[in-house]
Each structure stands twice: as structure tokens, then as C-alpha cells.
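Each residue of the sequence shown is one higher than the one before, starting from 931 at the first, in my numbering.
These aren't lab readings, by the way, just hints derived from the structure by calculation.
List of simulated lysine to any residue pairs, SDA-like, C-alpha gap at most 25 angstroms:
| no. | residue 1 | residue 2 |
| --- | --- | --- |
| 1 | Lys-1398 | Ala-1505 |
| 2 | Lys-1354 | Leu-1535 |
| 3 | Lys-1398 | Thr-1428 |
| 4 | Lys-1398 | Arg-1386 |
| 5 | Lys-1432 | Leu-1476 |
| 6 | Lys-1432 | Ile-1501 |
| 7 | Lys-1382 | Ala-1142 |
| 8 | Lys-1482 | Pro-1461 |
| 9 | Lys-1425 | Arg-1392 |
| 10 | Lys-1475 | Ala-1439 |
| 11 | Lys-1398 | Asp-1532 |
| 12 | Lys-1432 | Leu-1404 |
| 13 | Lys-1475 | Leu-1437 |
| 14 | Lys-1482 | Pro-1460 |
| 15 | Lys-1388 | Gln-1412 |
| 16 | Lys-1382 | Asp-1236 |
| 17 | Lys-1425 | Gln-1400 |
| 18 | Lys-1432 | Met-1389 |
| 19 | Lys-1382 | Glu-1536 |
| 20 | Lys-1039 | Ala-1028 |
If you anchor each label on the Cβ, the simulated ranges turn out as follows:
| no. | residue 1 | residue 2 | range |
| --- | --- | --- | --- |
| 21 | Thr-1393 | Asn-1120 | 48 to 54 angstroms |
| 22 | Phe-1484 | Asn-1143 | 34 to 40 angstroms |
| 23 | Lys-1232 | Pro-1530 | 38 to 44 angstroms |
| 24 | Lys-1108 | Ala-1028 | 36 to 42 angstroms |
| 25 | Lys-1382 | Gln-1442 | 32 to 38 angstroms |
| 26 | Glu-1448 | Leu-1055 | 51 to 57 angstroms |
| 27 | Pro-1530 | Ser-1378 | 24 to 30 angstroms |
| 28 | Lys-1108 | Met-1389 | 43 to 49 angstroms |
| 29 | Asn-1120 | Asn-1483 | 42 to 48 angstroms |
| 30 | Ser-1022 | Gly-1473 | 45 to 51 angstroms |
| 31 | Asn-1120 | Ser-1378 | 33 to 39 angstroms |
| 32 | Lys-1108 | Leu-1437 | 56 to 62 angstroms |
Note that CB positions come from ideal geometry on N, CA and C, so glycine has one too.
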Amino acid sequence: MSVKFGQQKRWGGLFCPQQRGRNIVDAQRLQLPAQTTQQESTFAVMGEKPLKILACGDVEGSINAVFNRVRTIQKKSGQFDLLLCVGNFFGSSPGAQAEWQEYKSGAKKAPIHTYILGAASQETLRFFPSADGCELADNITYLGRRGVFTGASGLQIAYVSGREGQQDPTPAHCFSPKDLTQLVEPLISNNQFRGVDILLTSQWPRGVWQYANSPEVNTKFCGTTSISHLAHKLKPRYHFAAVEGVHYERLPYRNHVVLQENTQHVSRFIALATVNNPEKRKYLYAFNIIPMKSMEASELVKQPQDVTESPYSRMVRENTLSDPTVQEPASQFFFDLGKKQRGGGRGQGGRGRKRPSDGDGQNQGQPWDSDRQSQRLPLDLDRPKQPRRPPQPSGPCWFCLASPQVEKHLVISIGTHCYLALAKGSLTPQHVLVLPIGHYQSVVELSSEVVKELDRYKMAVRTFYKSKGQRCVLFERNYHSQHLQIQVVPVPEEKCTTEDIKEAFMLQAQEQNMELMEIPQHTDLKQIAPPGTPYFYVELDSGEKLFYRIQKNFPLQFGREVLASEALLNIPERADWRQCKQTPEEEEGLSKQLRNDFQPYDFALED
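Take these sequences, add in the hints, and give me the full structure.
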């Protein structure tokens, strides 16, 4: 039997009419939906029940294993509405072909409505009689080369079969740019389009791990950028992929720019492993979903606590189809006060110069700078990486590590791209600055490699403070400043709570007619404040973040004033750093003590 479907497919009796009443957000991820009765089975249940769906990775011919597992799940948790399979469904071994013949002949029947993608390899093309999609066996349907399934319930599933074609004409088991265009354009041309409920692809989107947890794959060769663009355009609530042989569930990401666009729903990317893999990696994923079309906007756009920026935001900003995860060549700097500074590629021995174990800072480098935004050239992978100097200041800079103006005795630790220094006129003896070695004006101008090490220093200082019973408060003022300085100030836990610190910043901002806004924890500042934008930013030990876009006449000591206030550190006389100056000998004594105390947390000594 070969029942063909059109490009835009619509299930007739498979789903119930659109659901009304109570709205349920994407529910119970990583958990099986609650038990349902037999009368409630066959796809969407009447009333308020969400659809119960299973997604599966590469079956590769292990059809009996998948369906046996599904039967076990359904016996425990009730009937599911459908099974969606991504990656390679068929196998080429004689045993796999024999298993399939049993289903094709009708000797066996799938226990659930099963929808599969097309061939992802040349070897399995023979199992697909049509590129348009058709029923291959009872309860097993091939979706087609690419298209959209829309159920009577309103659930919308977009899909693309195969791998990205690398030649012209495109092989039958691959998709072309034209396929993606023909899939996307009819959807996004509708001004009511908000996204699709589910996206099915065999290949991963390139760079999906950006701003999130890392997968157990070699990201240098994983995924394709065309799928990244597809996911960005279609905004799926769930995106499933396979073919890499691993399970990876990315943190949910948002589909809007914070403070610039209306809040939209989040997307979740889940990659599934191969059925019967020896490592016992997860290949089956159960979830509940109410179609987007049937949800109230307020429920649909709710943001979970662990939501991050879109992994495709950088790609979109650059407006290019090039690999969004290619990083600039790493720079390595060694510091010797008696010699000229050098730059070099990060190699096996690449690391910042270690400071002497006795804590003497005389042989360490000096605070260095990082401000200038420069145009980046594409990385040529066929060419060896050349040494690259960091951005240089146009004039004297007190914070550039190679600058003669730097006060080297304040340096606590030197990494590859950043360094740690005692704050001059510090609020407390352990008030430090985290600064980039290269000359950058703000966090939003940093390259990814510098941001990564900056975050490592922030985490190390947090851990250091926590060991001493102190809360960690970080703030940055990108206003009337030439070189990026992350101020890191400890506040004893017994003096106040994190909520007290947050409230102090909010109240003092309000008193000065400033709107200090709370932003989501995983927000990328580059989306809120493009390079050149003046801003003030606070990060609390809870991960909460406060942001203010500076207009004019911003008080330069605002961060210090809040922390020095009676409500927090209760040292108002130290609000202005110029009133807290010490002699070089006193500063050197504080720095030496801090170096010794921080040494167990200094990753630069281990790298």
C-alpha cells in the first residue's frame, strides 16, 4: 500500500478538535506522562489532556527493540499518541532487513502510529518508494523529503529528511538549500506565524551548544549551519535530531532579544542516541505537549529559570552562513617586565606565566588592557595560526598589562587572556578587579576566548569568597572608562542577604531616577547592549543580574556607593576610591597576602 501525502499534510481523524480550556505548558520533560485509560488513547484525548508523544533516535533496523520498549512504556504509562523517529530508521544488515519484512508483510504491526524521516545514507534509499512520503507498513509512515504536518488538534510538525547535500545535483538521501527555502517561506510569510511545535531533522544544527552545556561529541565536525538557520527561522518548541550517536538535551533557549523584542516561547533541542547502543545512552524521549495554536500567549511564553540566549544569535548578528562556532585564533601572552611582550598561538604549552610560589609579584606581568573593537577576518583552517597581538590603546592606559603606567605590585594572578588585580583604593582588603589583558572597553566587545577565561576568574573568586563566608558582588560600568574593569567585592554573609543587596541597588537607583532592570540569568549582554552602548551592570551571587542603560550624568561611584552604604558594608566613608588611597608599601602588603590566600583557587597556576 502506498498512500501519498501532499507537501502540506493534515491528519484528519488522528487528532481531536482543537483543545480548549486550561492551558498546559510543555510538561514533564524527562518524565513519562501520567497514566491514561484505553478510552483516552488514540492520539489527542478529548478535553484538556495534552498530546503524549515519544521521540526516538537512530533505529538502524532494530525495529523490534524499539516497539518492545514502546509497549513496555505504554503498559506502565498508558497509550501514547505517536512515535517520531529521526535519523536512520532502517539498517542494511540481513537481520535488520528480515525484521522490516515482517512489518512490511503485515506479520507484525507497530503498537503506535509511527512517523519516520527519509534516508540519511545511500544504503537505505531502497526502503523509500517515493520522495513525497507514503505509508510503508501498517502504522508506519514515511513523512517525505521535507514538509509540514498539521493535525486537526493544531499540532504543527516541520521536518527535513537526510543530510545536507554537498554536491549538485543533490543526492536523493540529502536535502538542498532549495528544500529548506520551500519549507520555510510559506510558513514565515504568514504574519500570524509564531513558530512550529516540533521540528524533526536527522542532522544537528551547528553551534546549538553555544551558551549552554556541552555535548559529548567533537563539535568541530558536528552539525550543519543550514539546520541552524532553519531552527532560527521556524522557532520550534521542540527540535529533535540524531545521527551523532549520543544523547544531548540542551538547556532551553529564548527566541527573542531581551528588552528589545516581545517575549516569545522557548525552544528545546534534544538529540537522541542510537537504539540498543552499548553505552546505554538515551534513545527514547517522552513528553506532553498542547499545540501552540491552543495555548494562551501568557502560558506559551513563560520562561524557565535555566533559559539561555539563542545559540544562533551570533550567526544572525553576523548575517552569514559561515560556521557560527568558529573561534578566533587563540592568543597567548607571556610577560617579562624586562623584555618586550610577545603573542603566540595557544598550543600544548600555552599558558600564562606562573607567578613564583612565594607570592612575590615582581616577576609577574603587569595589568594590561582590552578595549578596541576590531574587524575579524575569517579563520583559514588550512593555514597555521599566526601570532596575533591584542587590541592596543590609542594612548596611555593604567590597566594594560604591557603599559608602563600599570602598577605591577597590584597584580594577583595572570591567565592567558585576563588577569586579576587588587583594586586601588579597595572597599575591603579582598576587593579585586578582573580585567582583560588586551585593550577592550567593555564585556560586549570581548572575543569568545576572552569571555571564557573571564568567567573562569569570576567563578574562582566566587569560590574563594564563599570559603570565607562572603557573598560575591560583581559590577561593570561602561561609561567614562577606557578599559574594561569587572569590580568584584566581597560582602560578609552575616551582614546581609543577597535579597538585601539587590534591594539596596534597586532603591538607590530609584532615588536617582534610574531604572535598574532585572534581566534573565543566561542573557547575553551583547544582545542588550551592542558595542559602544554605555551601561551599568550588576551580578549577584545568586546569579541574578541587574542592568541599566546609561543616558547621561551617571554617578561614577554608584556601585561603590551602594556597597559601602549602611545597609550593606556600612563604610560610607570609603565610597570614593580616592579617599581610600594607601602607600605603595601598604598596597604591596595587601597584594602579597591576597596572592597567598587566593593561590588554592588560582587556575592559572595549573594551566
